[in-house]
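S.K.: What follows is the residue order along each chain.
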Amino acid sequence: MLKAFSTAATGMGAQQMIVDTIANNLANINTAGFKRSQVDFRDLMYVKMREAGTETAAGVVAPSGFEIGSGVSPASTLKVHTQGEMENTGRNLDVAIEGDGFLSVTTPNGTRYTRDGALRTNATGQVVTSAGYTIEPSITIPADARSIGIGKDGTVTVFTGADNAGTVIGTLSLVRFANPSGLSSEGGNLLSETPASGSPTTGTAGQNGMGEIQQGFLERSNVQMVTELVNLITAQRAYEINSRAIKAGDEMLTTANRLMG
Amino acid sequence: MYDSVQATATNLSALSEYYGMITQNLANASTSGYKRQGAAFDQVLAQAVAGNAVAARGGLDLSQGHLVETARPLDLALEGKGFFVIETADGPLYTRSGTFRLSSTGQLVDYAGRTVSGTEGPIILPQSADSSSIHVASDGRISVGPQQVGQVKVVEFEDSSGLTPVGGGCYDAPDSTQPDEAKATSVHQGYNEASNVSVVEELVELIKVTRAYEANLKTVQTHDERYRNLLKVASGL
Amino acid sequence: MKRAWIAIAVAALVWTAPTSGAALQIYLPRTAQAGAGALKLGDVCVVRCQDEKLSARAAALPMGRSPSAREKLTFDRQTLLARLASNGIAADDQVEFSGADAVVVESDGAGIGIEPLLRAAREFLARNHPGPDGCVWQLAQEPADLSLPNLKNATYQPRLAKSPGPNMVRLAVAVSRDGEQLAVVELTFKAQYPVRQAVAAMDIPAGCQLTNENVRVDTVLRDQRSEDAFASPVGQTAAQSLPAGTVIRVSMLKVSRPTPVVRKDQGVTMRVRGPGFTVSGIGKAMEDGKIGDLIKVRNVDSDRVVLAKVAPDGAVEPLVSEVRK
Numbered sequence: 001m002l003k004a005f006s007t008a009a010t011g012m013g014a015q016q017m018i019v020d021t022i023a024n025n026l027a028n029i030n031t032a033g034f035k036r037s038q039v040d041f042r043d044l045m046y047v048k049m050r051e052a053g054t055e056t057a058a059g060v061v062a063p064s065g066f067e068i069g070s071g072v073s074p075a076s077t078l079k080v081h082t083q084g085e086m087e088n089t090g091r092n093l094d095v096a097i098e099g100d101g102f103l104s105v106t107t108p109n110g111t112r113y114t115r116d117g118a119l120r121t122n123a124t125g126q127v128v129t130s131a132g133y134t135i136e137p138s139i140t141i142p143a144d145a146r147s148i149g150i151g152k153d154g155t156v157t158v159f160t161g162a163d164n165a166g167t168v169i170g171t172l173s174l175v176r177f178a179n180p181s182g183l184s185s186e187g188g189n190l191l192s193e194t195p196a197s198g199s200p201t202t203g204t205a206g207q208n209g210m211g212e213i214q215q216g217f218l219e220r221s222n223v224q225m226v227t228e229l230v231n232l233i234t235a236q237r238a239y240e241i242n243s244r245a246i247k248a249g250d251e252m253l254t255t256a257n258r259l260m261g
Numbered sequence: 262m263y264d265s266v267q268a269t270a271t272n273l274s275a276l277s278e279y280y281g282m283i284t285q286n287l288a289n290a291s292t293s294g295y296k297r298q299g300a301a302f303d304q305v306l307a308q309a310v311a312g313n314a315v316a317a318r319g320g321l322d323l324s325q326g327h328l329v330e331t332a333r334p335l336d337l338a339l340e341g342k343g344f345f346v347i348e349t350a351d352g353p354l355y356t357r358s359g360t361f362r363l364s365s366t367g368q369l370v371d372y373a374g375r376t377v378s379g380t381e382g383p384i385i386l387p388q389s390a391d392s393s394s395i396h397v398a399s400d401g402r403i404s405v406g407p408q409q410v411g412q413v414k415v416v417e418f419e420d421s422s423g424l425t426p427v428g429g430g431c432y433d434a435p436d437s438t439q440p441d442e443a444k445a446t447s448v449h450q451g452y453n454e455a456s457n458v459s460v461v462e463e464l465v466e467l468i469k470v471t472r473a474y475e476a477n478l479k480t481v482q483t484h485d486e487r488y489r490n491l492l493k494v495a496s497g498l
Numbered sequence: 499m500k501r502a503w504i505a506i507a508v509a510a511l512v513w514t515a516p517t518s519g520a521a522l523q524i525y526l527p528r529t530a531q532a533g534a535g536a537l538k539l540g541d542v543c544v545v546r547c548q549d550e551k552l553s554a555r556a557a558a559l560p561m562g563r564s565p566s567a568r569e570k571l572t573f574d575r576q577t578l579l580a581r582l583a584s585n586g587i588a589a590d591d592q593v594e595f596s597g598a599d600a601v602v603v604e605s606d607g608a609g610i611g612i613e614p615l616l617r618a619a620r621e622f623l624a625r626n627h628p629g630p631d632g633c634v635w636q637l638a639q640e641p642a643d644l645s646l647p648n649l650k651n652a653t654y655q656p657r658l659a660k661s662p663g664p665n666m667v668r669l670a671v672a673v674s675r676d677g678e679q680l681a682v683v684e685l686t687f688k689a690q691y692p693v694r695q696a697v698a699a700m701d702i703p704a705g706c707q708l709t710n711e712n713v714r715v716d717t718v719l720r721d722q723r724s725e726d727a728f729a730s731p732v733g734q735t736a737a738q739s740l741p742a743g744t745v746i747r748v749s750m751l752k753v754s755r756p757t758p759v760v761r762k763d764q765g766v767t768m769r770v771r772g773p774g775f776t777v778s779g780i781g782k783a784m785e786d787g788k789i790g791d792l793i794k795v796r797n798v799d800s801d802r803v804v805l806a807k808v809a810p811d812g813a814v815e816p817l818v819s820e821v822r823k
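Residue numbers (our numbering), protein chains in the order written: chain A, 1 to 261; chain B, 262 to 498; chain C, 499 to 823.
Chain A on its own, in the form it takes in the complex:
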């Protein structure tokens, strides 16, 4: 019976984890390019109490084996990489990726990947993310640029001077992974490569399965408020009932103690 307490406790832990994940999803409902997470659970190993066909009491033969599980554990947190809605911002350095792909970002800890396309320029004119990390491959906007055009294939053209002549100064390239759900979340809307995600394949936007780049748009978070709230309520109820199971077990033990004592 004491083992069952820890089983129920893993159940409470699982529901707690769901609540935590939902809270994080809801907190990021307005974060550009954020992808909702979903926890995937698996039952833990089973303890074989009895083999099938053993005699359990005088004349009683168990028709099937009997195993008791040890509860539940989280198998993985999966990022759900569905497309978020496109929001027109009109800023010429806001880019949204329509389809698969990530922007590469150079950080002090190495290359990271993001779908947050709220880009800006820093003091030296380099194109950076909102947190100030440079985009790979690095693109520098000349100081005399009057306007910037970003094509669907990611080519960045600047228009300088009075003659309005466009000069291509670089290309925003995209990377993709065999298993984007395997990327690890690093906070700050950044993801990093893991053995599970596979290594990145760099390519041109709009080709070979890469998404297209949309200038002047931001991809909104794909978190759906109503879905998250329904999941939250379900998780809370399940949590309560798991705790109720512990209480019931406790009552059984108390009764046994009282009667035997």
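Any given hint might turn out to be false.
Using C-beta positions, here's what the derived DEER-type ranges look like [said to hold, decoys possible]:
| # | chain 1 | residue 1 | chain 2 | residue 2 | range |
| --- | --- | --- | --- | --- | --- |
| 1 | C | R675 | A | Q126 | 45 to 55 Å |
| 2 | A | I29 | C | V718 | 46 to 56 Å |
| 3 | C | D763 | A | F159 | 49 to 59 Å |
Just so you know, the hints here were simulated from the structure itself, not pulled from any lab data. Just so it is clear, CB atoms sit at the ideal spot from N, CA and C, and this is done for glycine as well.
Based on the hints, put chains B and C in the right spot on chain A.
M.R.: Showing chains B and C alone in chain A's frame:
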């Protein structure tokens, strides 16, 4: 009389095992593809309350869980009796949890990175596959864009009573039981099969077990008092 | 007696065979090449076993689809082991692996390339002429991975798909065999126009005359039709040095005809051209002028001063709107 005490003791241990099973079911109320244990609860409980000796019986309740939309292209849910086949070094395992993913080499694997069996061997998606171009038909055939890359193997058991849960959402089948190709099972892409545990029903079972446990304890207590009285009489006190 | 010894020796051999030789030996090369058709375990690695039936069964185990051109499929030891164990061929302890940790399977190149698709698409374009006259269709972009095994007796049926933009045409080529459609590959073509241009065939120093020997005429494809008719520069003189390969433009040439220059006070022919008529008169230049210059000219008859453009033949063409007293 002594026999009936022993029967009660057996019942008590069976009931606490049932209690363990209920907590297991409750803990897995949110585990996709989980099948509740203790299909034969009620009839056994009735006997236990009546004071007859019972044995704890597992028994998987393989009823269909409802399908929850996840929108992940590699979340596959089964509707029907079938199971997916996971290939491990110790032989095949069977599962209803279809939260699959691609390995770093583009192969379809389960949450632990094990091969998801296809009808013609492992299923490898081309590197150019983007999430919106992956399509899984209801018969398990996977295509990327216009190209077919394989078919997920779905099997069913004529007699599923031999399946033993081994954790990780998987079941092992005894060597004597060979599965057949599933006939009336359809695969749904972008869905998970929710656990078929109903927390309310488990709560009701929990109360029943608690009551049955108390009733059996009372029987033991009554016997205990009778023995004491008998001993008093016998020893002439 | 001797015969009995042999019998014992044979018995010993039979006895030891299953214990030492039952293990399945699998050697993984680093890379393997596979042809068309379904992949078998035997295509991926080398399977050896004393029990030939067992190794044959293992080698025939299906391993999914074969790689398409340019594609690489990777199988690691764990996958192979799981595959064997799950098909009841050999358990964990009965398999001995050697060689690489994982094998990369590539196509042996016999898969269909883009050629038959392109051929069918080009025939279709030649038959149907979906674009403007005189254009040539160029493949705009290589199609993504063509994951098709070699298909003998396959048929290719192109049809027009939604055009991705102006001057473009997209064809969806359906690949089918025995009536079953296997894939649809989209090919995008861009309309291009042949444009003739003169190119320096060798280094031409400034002042040298252009001849058929030092100039060649190439035809190139451009997105737009050329606006002017092609005029050969042969016979003219290079105004600057032209290294071999330079595309010769009018601005690089010195016009070899003598330049008639109008001098001040010179009598000139005044000419007004209109659609279908020419009016001429006599005037007197009031300033010097080169070809194309605007100069003031006094009309001898009317005594009016007009602004006129110097034509190559030495006549002047008054700008009708610029007439002044």
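S.K.: Does each hint fit the structure? Answer for all of them.
M.R.: Hint by hint, here is what the structure shows:
1. R675/C - Q126/A: 45 to 55 Å: Between R675/C and Q126/A, where Cβ atoms are some 53 Å apart, the hint holds.
2. I29/A - V718/C: 46 to 56 Å: The hinted range 46 to 56 Å holds for I29/A and V718/C, with Cβ atoms some 55 Å apart.
3. D763/C - F159/A: 49 to 59 Å: Given about 51 Å between the Cβ atoms, the range holds.
Of the hints listed earlier, there is not a single one the structure fails to meet.
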